[in-house]
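Peer 1: Top to bottom, those sequences are chains P and Y.
Using the working numbering, read the first sequence as starting at 1 and increasing by one per residue.
Using the working numbering, read the second sequence as starting at 1 and increasing by one per residue.
Hints are computed from structural coordinates only; laboratory data are not their basis.
Hints should not be assumed to be uniformly reliable.
PhoX-like cross-link-like pairs, simulated, lysine-lysine; straight-line CA separation at most 25 Å [claimed, not checked]: (1) Lys99(Y) <-> Lys66(P); (2) Lys41(P) <-> Lys67(Y); (3) Lys64(P) <-> Lys99(Y); (4) Lys36(Y) <-> Lys67(Y); (5) Lys66(P) <-> Lys14(P); (6) Lys99(Y) <-> Lys55(P).
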Amino acid sequence: GAVVSQHPSWVICKSGTSVKIECRSLDFQATTMFWYRQFPKQSLMLMATSNEGSKATYEQGVEKDKFLINHASLTLSTLTVTSAHPEDSSFYICSARDIGTSGAGEQYFGPGTRLTVT
Amino acid sequence: GEDVEQSLFLSVREGDSSVINCTYTDSSSTYLYWYKQEPGAGLQLLTYIFSNMDMKQDQRLTVLLNKKDKHLSLRIADTQTGDSAIYFCAESYTGTASKLTFGTGTRLQVTL
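With the rest of the complex left out, here is chain P (with noise of 0.2 Å):
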């Protein structure tokens, strides 16, 4: 149980297209999801925090107009990169918090999406 996928595993795009990045919760509901970003041999940063029918919150420092991030569903956030550069480059997973976990809010990882912006 507790599996959180993410789609694509590994993208290459263009300096100036945008990619969207798939989080889906496969056998539970995820009010809030989160979207990290970690550079090579570096811990993950926090990039926003999605909430379910609302607005995203977004850490200091990350611009939301480039970040763009829908929860449309319970099961399902997306990270669209808009206008990617190459030093967008970099692993991008999200987590999931079951809505039906206890206190400790355990939160479950994807695999990761892997950009490459060239």
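With the hints as your guide, set chain Y onto chain P.
Peer 2: Showing chain Y alone in chain P's frame:
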């Protein structure tokens, strides 16, 4: 602000115990977590501990929490080659919000 520190690297021999340490600064942390990340993959939740607990054991894993010193450790007994990965500690200051602050990560290398 929140700051979570870990040592970068640990090497142990197969069969020995591994101890991965973590220090944090936010005294209002509610839950503390340990995650495992294998190369090119997402994070796997290993275990967590509530801040009013001192210790939690789950099979080969033992978590120790010293709240006074804001020190968290993960002990892996009988370490196996499959345990080689990066281990992240993380804290949240309120379980319902679930916003996690991750440590810098410790790369565990298990040698034969």
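Peer 1: Which of the numbered hints above does this structure break?
Peer 2: 2
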